[in-house]
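Number of protein chains: 2
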Amino acid sequence: MEKIESLQNAKVREWTALHEKKERDRTGRFLIEGEHLIKEAASAGLVELVISDLEEIPFPGIRHVLAAPKVMKKLSANVSGAHLIAICRKPSYEAVSLHRLLLLDGIQDPGNLGTLIRTAVSFSFDGVWCSEDTCDFYNEKTIRSTQGALFHLPLIRTDLKELVPELHQQGVKVIATALDASIPFASLEASEKMAFVLGNEGQGVSAEIQKAADERIRIEMHGFESLNVAVAGGIVMYRFRAQ
Amino acid sequence: MEKIESLQNAKVREWTALHEKKERDRTGRFLIEGEHLIKEAASAGLVELVISDLEEIPFPGIRHVLAAPKVMKKLSANVSGAHLIAICRKPSYEAVSLHRLLLLDGIQDPGNLGTLIRTAVSFSFDGVWCSEDTCDFYNEKTIRSTQGALFHLPLIRTDLKELVPELHQQGVKVIATALDASIPFASLEASEKMAFVLGNEGQGVSAEIQKAADERIRIEMHGFESLNVAVAGGIVMYRFRAQ
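Protein sequence lines, in the order shown, are assigned to chains A and B.
What the first sequence shows, in my numbering, is residues 1 to 243, in sequence order.
What the second sequence shows, in my numbering, is residues 1 to 243, in sequence order.
Only chain A is shown next, with the shape it has when bound in the complex (with noise of 0.2 Å):
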């Protein structure tokens, strides 16, 4: 079996580049740490290679690499290293169903993304769609606040702006979340197709998009007036998950 000692193997060089986002889209890989996460990777066809200083490993028929202790804790994105990291490739996505779908309009935190997900999954819903300036689906602690939920839904990152039309072409309705001239939540009737927009922590969904959507949304408050946004995309996901 192959055994890397050395932190300057070319290969350990090309792989802790994935924590660079842009390395990741240059290549269309990234890395996941961990038993549960590789297994749900693996069991979506997404793993290309296992690399542990352990010399047996718990997923049978994938490609393994040993290395060193120091190489393990080089790769890792924790301080107390890893024994098992993968090297994933992205998944393409075939046609999506447009029932139920996420769209994200911004989101800079990626335990927020990734706990949206999470949530997004859990409800069943077909999607989620983000736009350029959100942050990366594969950095790694969005990886690991979807608890492996990534591997199970379509993730697209597109202009927001082109995608709002040509969901009104389909017959999805659109849904954004607002303060101002809104709708109380406890008033949206369900529709065959549709579509919820959260936007950015700090500014919420840009006035453009709120704009092109079909319908704007309040969550009713009557004290402190602040959520956080991936507990607003549980509470509007819960009550239109799909059944």
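It should be emphasised that the hints constitute simulated quantities derived from the structure, not laboratory data.
In the DSBU-like style, the derived pairs of lysine-lysine whose C-alpha atoms are separated by at most 35 Å in a straight line are:
1) B:Lys21 <-> A:Lys74
2) A:Lys73 <-> A:Lys90
3) B:Lys70 <-> A:Lys21
4) A:Lys22 <-> B:Lys74
5) A:Lys11 <-> A:Lys21
6) B:Lys74 <-> A:Lys70
7) A:Lys74 <-> B:Lys74
8) A:Lys74 <-> A:Lys22
9) A:Lys21 <-> A:Lys173
10) A:Lys74 <-> B:Lys70
11) B:Lys22 <-> B:Lys70
12) A:Lys39 <-> B:Lys141
13) A:Lys90 <-> A:Lys22
14) B:Lys141 <-> A:Lys74
15) B:Lys90 <-> A:Lys141
16) B:Lys141 <-> B:Lys70
17) B:Lys141 <-> B:Lys90
18) B:Lys73 <-> A:Lys21
19) A:Lys173 <-> A:Lys141
20) A:Lys39 <-> B:Lys211
21) B:Lys21 <-> B:Lys141
22) B:Lys74 <-> A:Lys141
Knowing the structure of chain A, use the given hints to seat chain B on it.
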């Protein structure tokens, strides 16, 4: 005006120690940073002192100590330092209304704890009770995630096993989130006084508290069957928000 230049100053050592939970518990004091949080704490009458490297601070009538930038950096929880840091005292609470309560059983992540507190305030809950093994309310990350909400409702650390029977005596219905032997959340009916229990990120609500609860509910999912605890709390608190 008093000015502190040295990192060896006894007060700097005393304030820096407030980054540790045991020192916060011993002194009943905690640190916060930034104009927004300090304003929220000042409006609740909790700020004892503002430390700043600015000659003028935007908090009239509050004691101000001038400090050198290196002192500010030492006191700050942020790598980039801070211009405004306050020493606050933990609030004490009068009798709490028991209409809508949140009980937290072993929450470990400060971000989740802070987000749950923020959501509880936004949906006009009357108070948050935490088990002894829930992480600290006054951890910097918890405070930041509350967005200042923690100054607006009672936060009480207690033994939940003793609290639940007391709540029963007061006519409060206790509802635990659970996976097994539970009813769908949608079938739960409103009661005048309700307390919702959310559990540890990995283990959920402890078996003992689940058993003591009047109802065990599960949030209906059809996909990945995995929700972040702050998202689950948002879904529950939204539906039973105080009007």
